Amino acid sequence: MMAQAVTTDPLDRVIEEFHTVFKNKGLVPPVLCTETILDGSLGLESLDFAEVVMRLEQALGKDPFATGTIPDLKTLGDFTALYRDRPDDRLAISNS
Amino acid sequence: MTGLPSRILDGMTSNVISEVIASLARADRAAFIAPRQTVSWLDWIESVKECAIHFESLRRARVGILLSAGGSFYANLLALALLECDVFVLDAAITPDSLDEIVGDFRLGAVVGGDDSFDAPKLGPEQENQNVDGGRQSRVVIFTSGSTGRPKPVFHLWNSLLRTVRKARSQTVQRWFLTYRPHLYAGLQVFLHCLLNQETLVTPDPGMSVPQVIAFLQCAGVSSISATPSYWRRLLTMGSAQELARVPLEQITLGGEIADQAILRSLSRLYPHARVVHIYATSELGRCFAVDDGLEGFPSLFLDTPRDSGVELRLVDGELHVRTINEMLGANGGSHDDRSGRNWIPTGDLVERVGDRCLFVGRRQDMINVGGDKVRPLLVEQVVGGVPGVRDVRVYARRSSLVGQMVACEFVTEPGFDSELVKEAIQKTCREQLRSHERPRLVEPVTAVMLSTSDKKIRAYAE
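Top to bottom, those sequences are chains A and B. When you read off a place in the first sequence, starting at 1, and then add 6, the result is the number in the working numbering. When you read off a place in the second sequence, starting at 1, and then add 10, the result is the number in the working numbering.
With the rest of the complex left out, here is chain B (with noise of 0.2 Å):
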């Protein structure tokens, strides 16, 4: 902490984000993996001294960051938290056209672009530094994925995001493998359990194939990974299972969708020694539970019985509802009394509750409509996941001018077997399994399914 003008040190005391930077200054490990460089936490936490200095000017303003994996990036992000910013955390391949309408529905005063622009932003003509109002604390606004529409800003402070976040487990220092986008709320998690245990963040490039992606797991030597089951999927489909199976992974984090048995069941065939846990969480919601007993869905008992983690769980209707009493700010930004855990929030995922086991069987919104009749499409992939030749399966609506929507699928066939004839498979078994308006009327092969930027299968997608 040398030569740093007093204003900044000022700064650092007064919020979450210093005292964390605070408790860093001596770690001298890796913080940031990529395939080319390795970032050091005492470098990086220079870095973001120095960017911190180099935005004062946007000390207390509303400012976007378009955020990649790396850790000139994150340096950004924690310096504009630091100088107490309103951080709008943005998608770093954004268009020019929705960037504008961001910067103007949100009134931003600066867009800070990452490490090559390090010119220092301009605020607005319009522009004040808008948040000083005396001891309010700083936001940091992450946007939805946006894979079911409009990406949703939704408003949440620093210690409600670190506040989720679990001290490490393991007595070895984990080396985390990044899969979810760095801007979306996952990826954002992922950096932050990284940041407060003084782990290390391995960074993939964007574009590599899954074979350069399993060679870059084993050399960068990756011990825990957060991902959604889909990501496995495709790593499973299109890599190499010996090669997979050399990675040394120690934990296993699945979110963002169902984690069915089969992928719980491949995933502790290949890695026997690591734990494998999935997670619920939503962006508006954060994290709500974790399950670690190797089974799919939860405990019947996680309802009705407040979680030590503060977080209650109901079904209503066959939907889950969850009140939890991390501060969330609501989409609309506004007062966190609105939002903060007194009300029951609906989760859209549909629950069935078996005995003593709760299971997720889609979402409401993926619910296909033939006709007025309802199909749940994890329910067909479950007939088609069954047929031998089968490795993937996506079910998915497709619009029909007469019924609405009708029921369609696309399938990886396994190695060595014809796709021709595992489609007629296909097609046969829902026959004799499923209802007319249940069965695929599209029944297509492909060699990957089609997954959303955020690696979730998309299903209530009307061609």
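The following block holds chain A by itself, in its conformation from the complex (with noise of 0.2 Å):
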């Protein structure tokens, strides 16, 4: 069960969709964890958050802010989260 949802995490791809977006603005990507804060101290503003939104629902085919509803969101790891199929992985993977 835990080598299926390592398989399936969306962490690498997520990380990998920030980094083409830190490129893409002329920035030297840093390192990405589960832990990192989403805040303004990342270096990124408010249409870049929406740019790797939209660069993971092409690559994954899931947009979970479609339908309206923003949740609070602190962490890269709450971030992937919602591009989990099941929640329950998160704690999974968070504790690995």
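Keep in mind that the hints were calculated from the coordinates and are not lab data. Just so it is clear, the structure is predicted and the values come from calculations on it, not from any experiment. Just so you know, not all the hints are guaranteed correct.
As the list claims (entries may be wrong) - Here are the computed lysine to aspartate or glutamate pairs in the DMTMM-like style, where the Cα-Cα straight-line distance is at most 25 Å: (1) Lys68(A) / Asp78(A); (2) Lys384(B) / Glu442(B); (3) Lys31(A) / Glu420(B); (4) Lys438(B) / Glu51(A); (5) Lys466(B) / Glu424(B); (6) Lys29(A) / Glu442(B); (7) Lys68(A) / Glu454(B); (8) Lys29(A) / Asp383(B); (9) Lys31(A) / Glu430(B); (10) Lys384(B) / Asp359(B); (11) Lys438(B) / Glu454(B); (12) Lys384(B) / Asp69(A); (13) Lys80(A) / Asp91(A); (14) Lys29(A) / Asp15(A); (15) Lys162(B) / Glu329(B); (16) Lys438(B) / Glu23(A); (17) Lys384(B) / Asp54(A); (18) Lys68(A) / Glu51(A); (19) Lys31(A) / Glu454(B); (20) Lys31(A) / Asp428(B); (21) Lys177(B) / Asp53(B); (22) Lys433(B) / Glu51(A); (23) Lys438(B) / Glu22(A); (24) Lys29(A) / Glu41(A); (25) Lys80(A) / Asp69(A); (26) Lys433(B) / Asp18(A); (27) Lys29(A) / Glu454(B); (28) Lys384(B) / Glu51(A); (29) Lys384(B) / Asp270(B); (30) Lys384(B) / Asp327(B); (31) Lys29(A) / Glu448(B); (32) Lys433(B) / Glu454(B); (33) Lys433(B) / Glu448(B).
To be verified - Reference listing, derived: stretches of chain A covered by chain B, where coverage requires no fewer than 3 residues with Cβ under 8 Å from a Cβ of chain B: (34) 20-33; (35) 50-57; (36) 68-81.
Using N, Cα and C, we set each Cβ at its ideal position, and we do this for glycine too.
Take the two lone chains and join them into the complex the hints point to.
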């Protein structure tokens, strides 16, 4: 079960798209992990987050923000969890 | 004119189309050149008359016609006009569902399908020959391309359609190449131009590749082309400039979208002896004006000064408004006093006045709304288009759940350039020259930019 969760985990893809957005802005991508705090200190503005979400929709075929509700997100882990099929996986991954 | 029943001849003396047909009676030059067939005007007139006899039962009815490019299809069209039908010109590739909808919405009595269905169409059970009301002129209904929504019907009179056709300028008989879809306004105008001037319409087969098109242009001796700038960009991108230069062009007419300086320059270089004109026309307003000084946009002088063609222009909040004497019947087909040139009509085209020149900067509806900030796709296209290695570019709106829309672009790479390096150069240039909301967030190399069915770049398009 863990193995399955890891192979389908969107975290790698999420980090990859964040890195692309940093590069497109002309910035050197920082090291990102599930604990990275998503706020202004990261160097991204709201349009850049919108770009990450648009890229992830293209890559994963899923847009958790499409319903119009924007959940309270603090970390990259919180953000990534929105892309998992089962929210329970979040614990398993962040504890691993 | 032998052996025709007298009722046909009677019909033929009563409308403008019959006068046109009568004036062609002696023209034995080519009317239509297709890859496998040439038809003379003389033979074509005979087939118009045969069609008119065949369709006699439809006299003065409301009739749909599925119009493809080709002499027999145009013969059907003219026969229906002779019979004073209200003709609804439809895309031959229309889906059965859309056709049913149009037949129902407009209570069409019959649909004429072209040369392979030569059974006389029957009127539907509840249909009468509906437009029999004394002296009213029959109408021709052309649908808008629908590249920005559902196709809208625009009602015309044959008179008004024919009036905007220009008398041929050249001493030599021109061979016009049809690049537009035949059922759309621009396509019909090219046919009507050939008809009134007894010139020749050259029609390609659908699905020809660009090199095949160029070979056909050469062997058919095409001397005039009316096309969108995007159509030309596709020929220039996917065809050989050397082969293109061998087409004996005397006249190039651009229309349908903005003719920028780059395309005007490329065409004048490739065809130094050709007259390059760009035309401003819409399905609803008809032809408004033409510019032939080799520069993009139009002289500011055109504003606020009535043109001799009866077309007036003005800017309202940066948008071009037009008032025209051309007799349009409006989208509802209602009385023509509503729209007969007394009203200023907004065109949706945004114009910037720079000294003595007015430049088109985009369509109002093409504006991309990024979190409330408006972006003009054309501005972004100019920036991206200036990057070395970029041959063509299309900027469009991509849906975003967080900010509504974001700017995206696709580009075609010049031969000899690496598309990944060009992509990086585009991103760098956009970072330097554009504001954050204007910067394309998706930049993708493609082999050809996406065009609408009427060969225009699709900008207001959210995937």
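Quick rundown of the hints versus the structure:
Restraint check for lysine 68(A) and aspartate 78(A): satisfied, since their Cα atoms lie roughly 18 Å apart, inside the 25 Å limit. Of the supplied pair hints, the one linking lysine 384(B) and glutamate 442(B) holds, its CA atoms being roughly 19 Å apart against a limit of 25 Å. Note on lysine 31(A) and glutamate 420(B): the hinted pairing holds, with a Cα-Cα distance of about 18 Å set against a maximum of 25 Å. A C-alpha spacing of about 18 Å is found between lysine 438(B) and glutamate 51(A), which places the hinted pair at or below 25 Å, so the restraint holds.
Pair hint lysine 466(B) plus glutamate 424(B) holds up; C-alpha atoms about 21 Å apart against a cutoff of 25 Å. At most 25 Å may separate the alpha-carbon atoms for a hinted pair to count; lysine 29(A) and glutamate 442(B) meet this at roughly 14 Å. Distance restraint check for lysine 68(A) and glutamate 454(B): the Cα-Cα separation of roughly 20 Å lies within the 25 Å cut-off, and the hinted pair is therefore satisfied. Taking the CA atoms of lysine 29(A) and aspartate 383(B), the gap is near 24 Å; set against the 25 Å cutoff, the hint holds.
As the CA atoms of lysine 31(A) and glutamate 430(B) are separated by approximately 16 Å, the hinted pair is consistent with the 25 Å bound. Taken as a hint, the lysine 384(B) and aspartate 359(B) pair is honoured in the structure, with Cα atoms around 15 Å apart against an allowance of 25 Å. Restraint check: the Cα-Cα separation between lysine 438(B) and glutamate 454(B) comes to about 14 Å, which is no more than 25 Å; the hinted pair holds. Between lysine 384(B) and aspartate 69(A) the alpha-carbon distance is near 24 Å, which keeps this suggested pair within the 25 Å criterion.
Taken as a hint, the lysine 80(A) and aspartate 91(A) pair is honoured in the structure, with Cα atoms around 20 Å apart against an allowance of 25 Å. Among the hinted pairs, lysine 29(A) with aspartate 15(A) is consistent with the structure: their alpha-carbon atoms are about 23 Å apart, no more than 25 Å. At roughly 22 Å between alpha-carbon atoms, lysine 162(B) and glutamate 329(B) fall within 25 Å of each other, so this suggested pair holds. Taking the CA atoms of lysine 438(B) and glutamate 23(A), the gap is near 18 Å; set against the 25 Å cutoff, the hint holds.
Distance check on the hinted pair: lysine 384(B) and aspartate 54(A) sit about 17 Å apart at the alpha-carbon level, within 25 Å; holds. The straight-line distance between the Cα atoms of lysine 68(A) and glutamate 51(A) is roughly 22 Å, inside the 25 Å bound, and the hint therefore holds. Proximity of lysine 31(A) to glutamate 454(B) is assessed by CA-CA distance (about 16 Å); at most 25 Å being required, the pair is judged to hold. Between lysine 31(A) and aspartate 428(B) the alpha-carbon distance is near 21 Å, which keeps this suggested pair within the 25 Å criterion.
Taking the CA atoms of lysine 177(B) and aspartate 53(B), the gap is about 23 Å. The hint holds against a cut of 25 Å. The suggested pairing of lysine 433(B) with glutamate 51(A) holds, with an alpha-carbon distance near 22 Å, which does not exceed 25 Å. This hinted pair checks out: lysine 438(B) and glutamate 22(A) have alpha carbons roughly 20 Å apart, not beyond 25 Å. Restraint check: the Cα-Cα separation between lysine 29(A) and glutamate 41(A) comes to about 21 Å, which is no more than 25 Å; the hinted pair holds.
Annotation: proposed proximity of lysine 80(A) to aspartate 69(A) holds, straight-line Cα distance about 18 Å (limit 25 Å). Restraint check: the Cα-Cα separation between lysine 433(B) and aspartate 18(A) comes to about 24 Å, which is no more than 25 Å; the hinted pair holds. Proximity of lysine 29(A) to glutamate 454(B) is assessed by CA-CA distance (about 15 Å); at most 25 Å being required, the pair is judged to hold. Pair hint lysine 384(B) plus glutamate 51(A) holds up; C-alpha atoms about 18 Å apart against a cutoff of 25 Å.
Proximity of lysine 384(B) to aspartate 270(B) is assessed by CA-CA distance (about 22 Å); at most 25 Å being required, the pair is judged to hold. Between lysine 384(B) and aspartate 327(B) the alpha-carbon distance is near 15 Å, which keeps this suggested pair within the 25 Å criterion. Note on lysine 29(A) and glutamate 448(B): the hinted pairing holds, with a Cα-Cα distance of about 17 Å set against a maximum of 25 Å. Taken as a hint, the lysine 433(B) and glutamate 454(B) pair is honoured in the structure, with Cα atoms around 7 Å apart against an allowance of 25 Å.
The hinted pair formed by lysine 433(B) and glutamate 448(B) meets the criterion: a straight-line CA distance of about 16 Å does not exceed 25 Å. Only when three residues or more bring their CB closer than 8 Å to a CB of chain B does the claim for the segment 20-33 of chain A stand; here the count is 3, and the claim holds. Counting residues of the segment 50-57 of chain A whose C-beta sits closer than 8 Å to any C-beta of chain B gives 6, which meets the bar of three, so the coverage hint holds. With a threshold of 8 Å between beta carbons, the proposed coverage of the segment 68-81 of chain A by chain B holds, since 5 of its residues qualify and at least three are required.
Checked against the numbered hints above, the structure violates none of them.
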